[in-house]
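Undergrad: Listed here are the chains, written in short residue letters.
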Amino acid sequence: NAGVMQNPRHLVRRRGQEARLRCSPMKGHSHVYWYRQLPEEGLKFMVYLQKENIIDESGMPKERFSAEFPKEGPSILRIQQVVRGDSAAYFCASSPPLGQGNTEAFFGQGTRLTVV
Amino acid sequence: GQQVMQIPQYQHVQEGEDFTTYCNSSTTLSNIQWYKQRPGGHPVFLIQLVKSGEVKKQKRLTFQFGEAKKNSSLHITATQTTDVGTYFCALRAYGGATNKLIFGTGTLLAVQP
Numbered sequence: 001n002a003g004v005m006q007n008p009r010h011l012v013r014r015r016g017q018e019a020r021l022r023c024s025p026m027k028g029h030s031h032v033y034w035y036r037q038l039p040e041e042g043l044k045f046m047v048y049l050q051k052e053n054i055i056d057e058s059g060m061p062k063e064r065f066s067a068e069f070p071k072e073g074p075s076i077l078r079i080q081q082v083v084r085g086d087s088a089a090y091f092c093a094s095s096p097p098l099g100q101g102n103t104e105a106f107f108g109q110g111t112r113l114t115v116v
Numbered sequence: 001g002q003q004v005m006q007i008p009q010y011q012h013v014q015e016g017e018d019f020t021t022y023c024n025s026s027t028t029l030s031n032i033q034w035y036k037q038r039p040g041g042h043p044v045f046l047i048q049l050v051k052s053g054e055v056k057k058q059k060r061l062t063f064q065f066g067e068a069k070k071n072s073s074l075h076i077t078a079t080q081t082t083d084v085g086t087y088f089c090a091l092r093a094y095g096g097a098t099n100k101l102i103f104g105t106g107t108l109l110a111v112q113p
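Going line by line, the protein sequences match chains E and V. Numbering-wise (the working numbering), the first sequence opens with residue 1 and increments by one. Numbering-wise (the working numbering), the second sequence opens with residue 1 and increments by one.
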């Protein structure tokens with residue numbers, strides 16, 4: 001059972017370009033979360049999605065950022081017109097449908113975005 | 001919204017010394033989780049605590065949930081160089097349809113051999 005897969009692992013973009021980050025959750029997981037981690041800082045929640053639905057986007061910047069989790073295929077975090085301040089590690093996590101018991105999140109290895 | 005603060009931000013110990021990180025909330029928590037992130041790596045789940053006063057052990061790691069469910073601690077006995085990394089507490093924030101994980105600020109542990 002493959003873990004959470006993120007690609008690319010490293011992404012370099014020039015200011016003004018678009019960045020697309022992909023995340024395939026673990027098999028059987030229907031909940032996907034995106035987090036941003038600036039250097040030497042903690043993990044900031046961005047968005048929580050289920051298939052074809054955005055459940056909670058309270059952590060998403062109002063402009064330039066969008067996320068989707070289509071019926072087929074990976075979840076995508078899209079950053080338009082990137083700026084230097086977008087440089088960070090972006091982590092995706094997935095969870096199984098929540099019920100009783102453990103609610104741990106399984107993280108991917110992250111995408112390190114560098115804006116030059 | 002709910003927040004959790006962790007102290008200390010950074011701890012440098014000699015190998016073999018003990019280490020403790022604390023997680024504090026101003027509101028009552030329904031649960032607390034702990035994660036470890038190695039340098040350059042991704043967060044990895046360690047444990048979840050749910051009950052008031054709960055204590056769980058994993059080899060040299062001891063996790064505790066406060067009686068009032070407003071604080072938690074992680075204690076490592078006799079640290080080893082493999083313990084290096086950042087330790088985060090996190091809580092599941094339930095409200096409406098969401099169940100997002102909110103992470104604490106983290107404690108970076110450095111272990112000198």
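No lab work stands behind these hints, which were simulated from the structure alone. From a predicted model like this one, the values you see are computed outputs, not experimental measurements. One should not assume that every hint holds.
[As the list claims (entries may be wrong)] Mimicking SDA-like on lysine to any residue, the simulated pairs with C-alpha atoms at most 20 Å apart in a straight line are:
(1) E/K44 x V/N31
(2) E/K27 x V/K69
(3) E/K62 x E/R20
(4) V/K36 x E/R20
(5) E/K44 x V/A97
(6) E/K44 x V/H75
(7) V/K69 x E/E41
(8) E/K44 x V/Y94
[Stated by the list, open to error] Beyond 10 Å from chain V on every Cβ pair, some chain E residues (computed):
(9) R13
(10) G16
(11) R20
(12) H31
(13) K44
(14) K51
(15) S58
(16) G59
(17) E63
(18) P70
(19) G73
(20) R78
(21) V83
(22) S87
(23) T103
(24) Q109
No residue lacks a Cβ here, since even glycine has one placed at the ideal position from N, Cα and C.
Undergrad: Check whether the Cα positions of E/K44 and V/H75 lie no farther apart than 20 Å.
TA: Violated, because 25 Å separates the two Cα atoms, which is more than 20 Å.
Undergrad: Over 10 Å to the closest beta carbon of chain V is the bar; see if E/P70 clears it.
TA: Correct as stated: the minimum Cβ-Cβ distance to chain V is 19 Å, above 10 Å.
Undergrad: Does E/K27 pair with V/K69 here, judged by a C-alpha cut-off of 20 Å?
TA: Violated, because 33 Å separates the two Cα atoms, which is more than 20 Å.
Undergrad: Are E/K44 and V/N31 close enough, with their CA atoms no more than 20 Å apart?
TA: holds, 19 Å
Undergrad: Regarding the assertion that E/R20 does not contact chain V, is the least Cβ-Cβ distance greater than 10 Å?
TA: Its Cβ never comes within 10 Å of chain V, the nearest being 20 Å, so this holds.
Undergrad: Is E/K44 within 20 Å of V/A97, Cα to Cα?
TA: holds, 19 Å
Undergrad: Taking the shortest Cβ-to-Cβ distance between E/R78 and chain V, state whether it exceeds 10 Å.
TA: With a cut-off of 10 Å, E/R78 remains clear of chain V, as the shortest Cβ separation is near 20 Å.
Undergrad: Are the Cα positions of E/K44 and V/Y94 separated by 20 Å at most?
TA: holds, 17 Å
Undergrad: Starting from V/K69, check that the Cα of E/E41 is at most 20 Å away, please.
TA: violated, 25 Å
Undergrad: Can we trust that E/G73 is non-interface, i.e. its beta-carbon lies farther than 10 Å from all of chain V?
TA: Nearest chain V Cβ is 22 Å from E/G73, so the label holds.
Undergrad: Minimum C-beta separation from E/H31 to chain V exceeding 10 Å: can you confirm that?
TA: Label violated. Min Cβ-Cβ 8 Å, cutoff 10 Å.
Undergrad: Against chain V, does E/T103 keep a CB gap of more than 10 Å to every residue?
TA: Incorrect as stated: the minimum Cβ-Cβ distance to chain V is 5 Å, not above 10 Å.
Consistency note: the structure conflicts with the earlier hints numbered 2, 4, 6, 7, 12, 13, 15, 16, 23 and 24.
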